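S.K.: Work out the full structure, taking the sequences as your base and the hints as a guide.
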Amino acid sequence: MITARDASTRLAPPVPWDVERVRQDFPALHQQVHGKPLIYLDNAATSQKPQVVIDVLTAYYAQENSNVHRGVHLLSEKATQAYEVGRVRVQRFLNAADTREIVFVRGATEGINLVAASYGRTWVGAGDEIIISAIEHHSNIVPWQILCEEKGAVLRVIPVNDDGELLLDEYARLLGARTKLVAVGHISNALGTINPVKQMIGLAHRQGVPVLIDGSQAAPHLRVDVRALDCDFYVFSGHKTLGPTGIGVLYGKAEWLERMPPYQSGGDMIASVTFEKTTYNALPYKFEAGTPHIAGVIGLGAALDYLSGLGLDRMVAYEEELLTYGTAALRAIPGVRLIGTAKEKASVLSFVVDGVHAHDVGTILDQAGVAVRTGHHCAMPVMQRFGVPATVRASLAFYNTREELDVLVAGLHDVREIFR
Amino acid sequence: MSELRELYQEVILDHNRKPRNFKKLEWANRTAEGYNPLCGDQVRVSLDVENGVIRDIGFEGSGCAISRAAASMMTTSLKGKTTDEAEQLFERFHHMLTAGGNGSDAAELGKLTVFAGVSEFPSRVKCASLPWHTLHAALAGKNEPVSTE
Chain A
1 MITARDASTR
11 LAPPVPWDVE
21 RVRQDFPALH
31 QQVHGKPLIY
41 LDNAATSQKP
51 QVVIDVLTAY
61 YAQENSNVHR
71 GVHLLSEKAT
81 QAYEVGRVRV
91 QRFLNAADTR
101 EIVFVRGATE
111 GINLVAASYG
121 RTWVGAGDEI
131 IISAIEHHSN
141 IVPWQILCEE
151 KGAVLRVIPV
161 NDDGELLLDE
171 YARLLGARTK
181 LVAVGHISNA
191 LGTINPVKQM
201 IGLAHRQGVP
211 VLIDGSQAAP
221 HLRVDVRALD
231 CDFYVFSGHK
241 TLGPTGIGVL
251 YGKAEWLERM
261 PPYQSGGDMI
271 ASVTFEKTTY
281 NALPYKFEAG
291 TPHIAGVIGL
301 GAALDYLSGL
311 GLDRMVAYEE
321 ELLTYGTAAL
331 RAIPGVRLIG
341 TAKEKASVLS
351 FVVDGVHAHD
361 VGTILDQAGV
371 AVRTGHHCAM
381 PVMQRFGVPA
391 TVRASLAFYN
401 TREELDVLVA
411 GLHDVREIFR
Chain B
421 MSELRELYQE
431 VILDHNRKPR
441 NFKKLEWANR
451 TAEGYNPLCG
461 DQVRVSLDVE
471 NGVIRDIGFE
481 GSGCAISRAA
491 ASMMTTSLKG
501 KTTDEAEQLF
511 ERFHHMLTAG
521 GNGSDAAELG
531 KLTVFAGVSE
541 FPSRVKCASL
551 PWHTLHAALA
561 GKNEPVSTE
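Residue numbers (the numbering used here), protein chains in the order written: chain A, 1 to 420; chain B, 421 to 569.
Simulated from the structure, these hints should not be mistaken for lab results. A hint or two may mislead.
[To be verified] Simulated restraints on C-beta separations:
1) B/434 / A/410: 44 to 50 Å
2) B/501 / A/413: 39 to 45 Å
3) A/337 / B/526: 36 to 42 Å
4) B/511 / A/178: 54 to 60 Å
5) B/426 / A/28: 25 to 31 Å
6) A/58 / B/540: 51 to 57 Å
7) B/511 / A/24: 48 to 54 Å
8) A/420 / B/531: 18 to 24 Å
9) A/223 / B/430: 49 to 55 Å
10) B/511 / A/146: 38 to 44 Å
11) A/52 / B/426: 38 to 44 Å
12) B/442 / A/420: 19 to 25 Å
13) B/434 / A/58: 51 to 57 Å
[Unchecked claim] Sample of chain B residues lacking proximity to chain A, with all beta carbon distances greater than 10 Å (derived):
14) 442
15) 502
16) 514
17) 566
As the structure is a computational prediction, the values presented were derived from the model and not from experiment. C-beta atoms are modelled at their ideal positions from N, C-alpha and C, and glycine is treated no differently.
M.R.: Okay, structure coming up:
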């Protein structure tokens with residue numbers, strides 16, 4: 001059935017992406033560093049925040065500040081409502097079936113730790129296996145390593161090819177009767193590879209294995225639909241998705257969350273307490289012990305609404321175009337080698353300059369006003385796989401421009417000039 | 421570019437390209453390893469010390485231009501010095517990196533004053549000081565690797 005809304009989107013003429021207008025929404029972009037206009041290409045580390053997010057945080061603290069789920073007084077009711085509206089916004093953003101499946105955590109890292117502790121404690125035993133990939137962020141490696149050590153379980157790693165693409169045949173071979181969980185990133189933070197997670201989830205489910213997706217880099221760059229993916233868990237961080245730091249999301253299918261034991265314990269996660277027995281609260285509160293990051297949730301809700309309001313499909317198309325432009329521009333510089341050249345890629349330009357350490361490149365670019373990340377990007381196994389100590393990473397967002405990438409390129413010519 | 425030229429002086433670039441004493445000493449009686457977890461720089465300093473005099477010194481490892489040049493120039497400036505003189509030089513060098521300027525210590529620091537520009541780049545101070553911290557650990561006979569963090 002075609003709804004009126006579908007028809008109108010189809011018939012509407014394509015609207016060009018007005019990047020200058022979008023940039024007006026981000027106050028931090030309009031400043032100078034070292035006397036040069038800031039060119040912020042460190043979006044994979046954290047995104048800048050639109051004014052609407054800054055405004056709702058101020059308004060919450062100025063007018064509604066109160067604790068949630070407790071008071072009968074008006075402010076507490078307002079704060080509780082604003083907090084729960086934030087949950088609805090996240091549910092819609094992820095297309096989750098139910099708000100009970102949206103658990104607020106500090107960030108993707110805490111979301112993964114929650115699943116490792118709660119799911120892991122219950123369903124992983126000696127000799128069992130957990131599958132991750134060779135291009136994970138440390139936060140999707142270490143919690144599983146610790147769990148495996150505690151339980152006597154085994155960590156299996158899906159290898160990658162030289163372009164930074166996962167080897168799916170190897171993955172299929174790793175899946176077996178002992179596999180208890182697959183945990184992979186949606187987009188690699190170090191390389192930008194978009195992993196074929198839908199296909200990977202399908203393969204795991206055929207063997208009855210649940211899958212956790214680390215969506216830290218995907219939430220700000222792709223349309224995420226947890227029901228279409230059919231993933232069992234999905235985590236992302238607010239601060240990489242235009243929201244505040246200290247807030248993140250764990251989506252979990254209710255059928256799993258219902259059966260999982262609490263992660264942390266304290267206030268808000270209980271239904272009743274006596275010294276003999278405590279009954280846990282219903283979902284999602286069972287997993288939200290203590291006073292939550294109320295302002296963070298409200299800010300994240302505003303950020304996701306802002307992002308959706310921009311038109312996700314147009315945003316994705318613009319970012320793709322920007323990445324293609326940047327890729328070609330970097331390839332044209334002698335001595336610059338891209339690390340991570342997957343066919344399906346988003347937002348990340350990771351590279352090395354022949355004979356120049358990434359740290360030196362970073363300092364020279366910084367003087368030109370260009371903010372990039374240098375180092376191992378919390379993905380040391382990726383650096384080892386590609387035989388480099390560190391890379392320079394320029395990570396793009398929808399508010400970056402071709403002109404900014406031109407300044408990056410000019411800065412890299414300065415690098416070659418200084419180190420010639 | 422001028423501030424950058426101040427940081428990446430020709431002498432520094434030269435020592436980065438052709439590091440001196442980039443070797444493992446066969447007869448080392450003092451060694452230590454240094455590591456900067458922030459950027460992954462690694463350095464291993466080995467010394468042959470006899471009667472309190474540094475007879476030979478070498479370094480190995482990987483790192484940025486600043487840390488490589490700092491290690492290389494450290495080795496050239498320390499050969500033949502006493503361990504006490506080495507420690508004094510370390511203090512003066514460190515003071516120059518963190519407090520800026522090279523004023524009264526310029527004579528003692530000699531060629532090492534080319535690193536004065538590093539003080540303008542706070543995130544790079546650890547790059548230049550890592551080899552010296554490692555030297556300090558080697559002379560103190562510490563077995564644990566030194567970390568800049």
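S.K.: Each of the hints needs a verdict: does it hold here or not?
M.R.: A quick look at each hint next to the structure:
1. B/434 / A/410: 44 to 50 Å: violated (26 Å)
2. B/501 / A/413: 39 to 45 Å: holds (41 Å)
3. A/337 / B/526: 36 to 42 Å: Holds, at about 41 Å.
4. B/511 / A/178: 54 to 60 Å: holds (58 Å)
5. B/426 / A/28: 25 to 31 Å: At 29 Å between Cβs, range holds.
6. A/58 / B/540: 51 to 57 Å: violated (36 Å)
7. B/511 / A/24: 48 to 54 Å: Distance hint for residue 511 of chain B, residue 24 of chain A holds at roughly 51 Å.
8. A/420 / B/531: 18 to 24 Å: Given about 23 Å between the Cβ atoms, the range holds.
9. A/223 / B/430: 49 to 55 Å: Cβ of residue 223 of chain A to Cβ of residue 430 of chain B: about 52 Å, so the range 49 to 55 Å holds.
10. B/511 / A/146: 38 to 44 Å: With Cβ atoms ~41 Å apart, the hint holds.
11. A/52 / B/426: 38 to 44 Å: With a Cβ separation near 42 Å, residue 52 of chain A and residue 426 of chain B satisfy 38 to 44 Å, so the hint holds.
12. B/442 / A/420: 19 to 25 Å: Given a distance of about 21 Å, which is inside 19 to 25 Å, the answer is holds.
13. B/434 / A/58: 51 to 57 Å: holds (53 Å)
14. 442: With a cut-off of 10 Å, residue 442 of chain B remains clear of chain A, as the shortest Cβ separation is near 15 Å.
15. 502: holds (33 Å)
16. 514: holds (20 Å)
17. 566: About 18 Å separates residue 566 of chain B from the closest Cβ of chain A, which puts it past 10 Å; holds.
The structure fails hints 1 and 6 (numbered hints given earlier, in ascending order).
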